[in-house]
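K.L.:
As a plain string of letters, each chain reads:
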Amino acid sequence: MNKFFILLSKELREMLTPQMIIPLVLSILLFNFIGRLAASAGHVESSPQFYVLNLDGGDFSNKVVATLCERGGVQPDFRGDIDLALEQTALSHTKTLVVLPAGLGEDAKAARPVKVQLYTSVQSFSMIAGLKSVQVRSVMAEVGYAVRKLAVAERAPGLDQNFLNSPAHVEEFVVVNGKRAQLGMSQVTAFVQSQSTFVPVILLMILVFASQTIVSSVASEKENKTFETLLSLPISRNAIVFAKLCAAALVALAFSGFFVFGFRSYMTNMAGGASSATGAMMAELAKLGVVMTAPAYLVLGISLFLSIMCALLLALILGIMADDVKSAQLVLTPLIMTILLPYLLVMLSDFSTITGLPKYLLLAIPFTHTFLMMQNIIFGNFGAVLAGIIYQGVIVIVLTAAATRMFSSESVLTLRLPAMFRR
Amino acid sequence: MQPIIATENLCKEYKGVKAVSGLTFSVSEGEIFALVGPNGAGKSTTLKMLATILRPTSGSVLIDGIDITAQGDKVRRIISYLPEEAGAYKNLTGMQYLRFMAGIMTDDSARAAAAVVFAADITGLGRRLDDKVKTYSKGMTRKLLLARAVMCRPRLAILDEPTSGLDVLNALEIRSMLKGLAADGMSILLSSHNMLEIEFLSTRMAIIDRGALLALGTAEDLKRANGCANLEEVFSRLAGDAPKADA
Chain A
1 MNKFFILLSK ELREMLTPQM IIPLVLSILL FNFIGRLAAS AGHVESSPQF
51 YVLNLDGGDF SNKVVATLCE RGGVQPDFRG DIDLALEQTA LSHTKTLVVL
101 PAGLGEDAKA ARPVKVQLYT SVQSFSMIAG LKSVQVRSVM AEVGYAVRKL
151 AVAERAPGLD QNFLNSPAHV EEFVVVNGKR AQLGMSQVTA FVQSQSTFVP
201 VILLMILVFA SQTIVSSVAS EKENKTFETL LSLPISRNAI VFAKLCAAAL
251 VALAFSGFFV FGFRSYMTNM AGGASSATGA MMAELAKLGV VMTAPAYLVL
301 GISLFLSIMC ALLLALILGI MADDVKSAQL VLTPLIMTIL LPYLLVMLSD
351 FSTITGLPKY LLLAIPFTHT FLMMQNIIFG NFGAVLAGII YQGVIVIVLT
401 AAATRMFSSE SVLTLRLPAM FRR
Chain B
1001 MQPIIATENL CKEYKGVKAV SGLTFSVSEG EIFALVGPNG AGKSTTLKML
1051 ATILRPTSGS VLIDGIDITA QGDKVRRIIS YLPEEAGAYK NLTGMQYLRF
1101 MAGIMTDDSA RAAAAVVFAA DITGLGRRLD DKVKTYSKGM TRKLLLARAV
1151 MCRPRLAILD EPTSGLDVLN ALEIRSMLKG LAADGMSILL SSHNMLEIEF
1201 LSTRMAIIDR GALLALGTAE DLKRANGCAN LEEVFSRLAG DAPKADA
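Chains A and B supply the protein sequences, listed in that same order.
Position 371 (the first sequence) corresponds to 371 in this note's numbering; numbering is contiguous.
Position 159 (the second sequence) corresponds to 1159 in this note's numbering; numbering is contiguous.
Since the hints were derived computationally from the structure, they do not count as laboratory data.
Predicted, not measured: the structure shown is a model, and the values here were computed from it.
Just so you know, even glycine gets a beta-carbon here, dropped at the ideal spot from N, CA and C.
Check each hint, because a few of them may be wrong.
Cβ-Cβ distance ranges computed for the label pairs, FRET-style [what the hints assert, rightly or not]:
hint, chain 1, residue 1, chain 2, residue 2, range
1, B, D1130, A, S349, 52 to 58 Å
2, B, R1153, A, P23, 42 to 48 Å
3, B, D1130, A, T17, 14 to 20 Å
4, B, I1078, A, F198, 52 to 58 Å
5, B, G1185, A, D323, 38 to 44 Å
6, A, D323, B, D1067, 27 to 33 Å
7, B, I1078, A, G257, 40 to 46 Å
8, A, T17, B, R1055, 31 to 37 Å
9, A, Q195, B, I1066, 57 to 63 Å
10, B, P1038, A, L340, 45 to 51 Å
11, B, D1130, A, I21, 19 to 25 Å
12, A, D323, B, G1139, 22 to 28 Å
13, B, I1078, A, L298, 46 to 52 Å
14, A, K225, B, R1055, 17 to 23 Å
Covered stretches of chain B (chain A as the covering partner; in silico rule of three or more C-beta atoms under 8 Å from a C-beta of chain A) [unchecked claim]:
hint, segment
15, 1053 to 1066
16, 1079 to 1086
17, 1091 to 1100
18, 1223 to 1229
Excised from the complex, chain A in its bound form (with noise of 0.2 Å):
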């Protein structure tokens, strides 16, 4: 076998220890159980569960408890005590109660406003328990309609009823560089954020994790004693940088895989399936560009690609002056502070917004690139998906030339941390 492959075949082994496999499987797990846990107590019913207190009893009421019964799950209740209907509704799984109270007929009858009481039962102030707040709105809405629907059929028997619903049809359009579709923006954002939330989480969990993969394998040849031997062995110092680099980016890429799957398993529970787009929804989204096709998946991936080689290497130059492996995690701290920056760029706020020394700052850093890569493919700045994809090629080539030329000299192992860092 060639040497290379000799090297590269011991560099996974080392890396691939039940201390790096088992955690990462337990994550992915943990992924999988937090995500179905979060749907299951999430589940928002498009169709709202409720009680009806009906405290008015009157021929008004009793039509607005009939309208609402209409369209299924409501439980209409005519004790008469709000105490008590509230321990049902406590007890039940809808936790929220509508009481309409007296006076409420005389009222919509004479066209005054009617009040109308909602009681819900908290039990939790969770983020999965703020998701109940839709489902009130959406009660809110149908006792609403109940009431103007048999208003007006009192007050005005002729008027067409859909009308007054919904006088003014929308038509909804977007427009994304120019081309145009029958969407809403709430629908276009949604989609557009699904992808661009989970895109640069991975990317920064496969750069952090590539970093942390190689600047360990460096470490512990200094820590175990390894690495003089490795030195004076007849193999040329670019492969054994090559190796090394071959494997962590292998290592990461099948790690990347594993918790892209466990990710996106979380993400698929805790939306319950329903920001899926439909295919006329697809077909609408492609239209205004901003369904990633092949080809820009695989410019994104020529830009992963780069700033993954930029991590690697990045990393191996700073393992260098790692005595051990704590003292490596040590090293890699400012080259994690430069990928988390970007990335929280990119997730928290408009890059757009950003001007003048922090713009090219933030620019100089070689995984801004990838981070904006989508954003830009989608709005169609291809000069900068372009330049971004030349500097980082750039970038690569410089970092090569200084980690083999460090490989090749006594610096590999003389260069080390000043002593204040030192353990």
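Dock chain B against the given chain A, drawing on the hints supplied.
P.N.:
Below, chain B without anything else, positioned relative to chain A:
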């Protein structure tokens, strides 16, 4: 006949401190040559330079006529180096480690297979070779590393404290093995603190202190020249009298 090692005024400086200062010596083919000196004398630095992992600040070293600075890659094909504080890959078994090293040290698969058999025999670890290196004692690891260093019968074996960490019986066994390998033509450059070992093993020796050469010759030559009964006295006299330089 061309010496296997020829150093000329070899110097190494770290941040203004002279670790090795003007070492000149040569080692013949099949010779066991020892570097002797107290801690910090510059023995390990000298061996690292000869093993091509440190670069001399000045002076020259030819290994089998090849300049180590200009043609380090070529030199690494004919040498084998065992550092004083060496380890093996903990997640490999002893056998996997030997196979990995044999695969790197030779391009010939038949030669690599023979080297693994030879090394497995030297280690004396038997079935323990199928266990991971991380389960080995210090002595077992050292024997594995020594076996690795000589398994492909390099032209020159550079061994820094070869028997460090071994018990008396194992050390004796290793010394006999090294003598046998030298008799078969392997040249050995070693360092040691153990004067008995040096006297038993080496053909010639260089006593160094603070990076400088104090004396060079056979054990008998040095004892006679210094009027001492044994090498420890020679060492004590020479190293004790050495000028306190900038180290």
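K.L.:
It remains to establish, for every hint, whether it holds in the given structure.
P.N.:
Structure-based check of all given hints:
no.: 1; hint: D1130(B) with S349(A): 52 to 58 Å; result: 57 Å, holds
no.: 2; hint: R1153(B) with P23(A): 42 to 48 Å; result: 44 Å, holds
no.: 3; hint: D1130(B) with T17(A): 14 to 20 Å; result: 18 Å, holds
no.: 4; hint: I1078(B) with F198(A): 52 to 58 Å; result: 55 Å, holds
no.: 5; hint: G1185(B) with D323(A): 38 to 44 Å; result: 39 Å, holds
no.: 6; hint: D323(A) with D1067(B): 27 to 33 Å; result: 31 Å, holds
no.: 7; hint: I1078(B) with G257(A): 40 to 46 Å; result: 44 Å, holds
no.: 8; hint: T17(A) with R1055(B): 31 to 37 Å; result: 34 Å, holds
no.: 9; hint: Q195(A) with I1066(B): 57 to 63 Å; result: 58 Å, holds
no.: 10; hint: P1038(B) with L340(A): 45 to 51 Å; result: 50 Å, holds
no.: 11; hint: D1130(B) with I21(A): 19 to 25 Å; result: 22 Å, holds
no.: 12; hint: D323(A) with G1139(B): 22 to 28 Å; result: 25 Å, holds
no.: 13; hint: I1078(B) with L298(A): 46 to 52 Å; result: 47 Å, holds
no.: 14; hint: K225(A) with R1055(B): 17 to 23 Å; result: 21 Å, holds
no.: 15; hint: 1053 to 1066; result: holds (count 3)
no.: 16; hint: 1079 to 1086; result: holds (count 7)
no.: 17; hint: 1091 to 1100; result: holds (count 4)
no.: 18; hint: 1223 to 1229; result: violated (count 0)
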